[in-house]
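Undergrad: The lines below spell out each chain.
2 protein chains.
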Amino acid sequence: MAYFNRIFKTQPSAPHGYGESYEQWGFPPGTHVDVIRSFQMVDRDRSGFIDDAELQQALSSAYQRFSLRTIRLLIFLFKNPNDPLRIGPKEFAALWSCLGQWRGIFDRYDKDRSGKIDLFELRDALYGIGYAIPASILQLLISKYENGGGGRVELNFDSFVECGMILKGLTDKFKEKDPKHSGLATFSYDAFMSMVIPFLVSYD
Amino acid sequence: MAYFNRIFKTQPSAPHGYGESYEQWGFPPGTHVDVIRSFQMVDRDRSGFIDDAELQQALSSAYQRFSLRTIRLLIFLFKNPNDPLRIGPKEFAALWSCLGQWRGIFDRYDKDRSGKIDLFELRDALYGIGYAIPASILQLLISKYENGGGGRVELNFDSFVECGMILKGLTDKFKEKDPKHSGLATFSYDAFMSMVIPFLVSYD
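The listed protein sequences correspond, in order, to chains A and B. Under the UniProt record's numbering, the final residue of the first sequence carries the number 204; numbering is consecutive throughout. Under the UniProt record's numbering, the final residue of the second sequence carries the number 204; numbering is consecutive throughout.
Hints are not guaranteed to be accurate.
Identical chains blur together in the list; that is why a pair holds if it fits in one copy or across any two.
Straight line, CA to CA, 30 Å or less: simulated DSS-like cross-link-like pairs of lysine-lysine [said to hold, decoys possible]:
no., residue 1, residue 2
1, Lys111, Lys180
2, Lys79, Lys116
3, Lys180, Lys79
4, Lys79, Lys111
5, Lys168, Lys79
6, Lys168, Lys111
Because the hints were derived from the structure by calculation, they are not lab data.
Could you put the whole structure together from the sequences, leaning on the hints where they help?
TA: Spelled out as structure tokens, the structure:
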């Protein structure tokens, strides 16, 4: 049975050096072995945390090499608020699962299979997951991806994840502060600044 | 007298090809000739507007070569809201003057003349112009400049301008929506998104 499992991966088998129990390493029960392996592959010092460069490498096995800007945004959105710029197994599993959903959305709305989606496909994709973002807001965000050539802006999966995370993330934060769906949200100064700054991605 | 002016720049002399009146090109009365020349030097097609790469070049004559990320943030903050990613003479003059003020602040608070300022100097610099930013907010923003080495973060003038513009800009937007200084600001969804997105700088 152990042999069968190793070959066919019907159950996760404990990666070398990590013992038998995934839960003890902080992964949620039921985490797919590929997720655990991707994490452990880059967590070489067995600290239980990975930084931005390591996350970039860990995700590249299943997705693609994301820009460090997108990687940093993902870390800011998924990390424990009290941690520095790093994520542990639980956050990594949540992030992996979230990216899988965004990949599915991207493929569904990339109707011409160009590997890129435009403003209208982005709007439809967000509408499909319950976010009706006004055209003016989409235009404002997408204008940041203009290359100065004046052509139509198209987003690859990396930029799509970045845009999607920004729009969904900010909208969710707004809704938290508008529990009665009045269309108006009220923030204290600290809450406002602490909420916006994680979306500002700086990297030199 | 014309010769004297050319040498000593006691009065602005009309740059070649632009005629006698600066105001007709949209510069505010009293704009220094260096500002006008810097703009005209890069506005080669005489369109009256300059884009990000041109702004980067125009500012480098007096300040430094800013990163395109900072340049784009500056354009977003200074441009006419209805324009695409470009600025005209009036906005350029305002931006130039603003950068001069930030340069003065930077030099005043860079006490050890290292060309870099740290978290505490940034806090003092912002306090000096009337912005008492909580340490937790500063720490959150400055953590974005960590290089992963775990060392103390120091900002050069480019990053200082970026941080300062973000903190001052967001605080000003908050205050606009808190006219009674209650400590609470209320936003509609569109106002909230339109306000935050310009601070998110994307550039590939």
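Undergrad: Give a verdict on every hint.
TA: Here is how each hint holds up against the structure:
1. Lys111 to Lys180: Cα proximity of lysine 111 and lysine 180: none, with 37 Å in one copy and 50 Å across.
2. Lys79 to Lys116: For lysine 79 and lysine 116, the Cα distance is within 30 Å both inside one copy (28 Å) and across copies (29 Å).
3. Lys180 to Lys79: Answer is within; shortest intra-copy Cα gap is 28 Å, inter-copy 35 Å.
4. Lys79 to Lys111: Neither, since 33 Å and 35 Å both go past 30 Å.
5. Lys168 to Lys79: For lysine 168 and lysine 79, the Cα distance is within 30 Å both inside one copy (17 Å) and across copies (26 Å).
6. Lys168 to Lys111: Within one copy only: 22 Å inside, 42 Å across.
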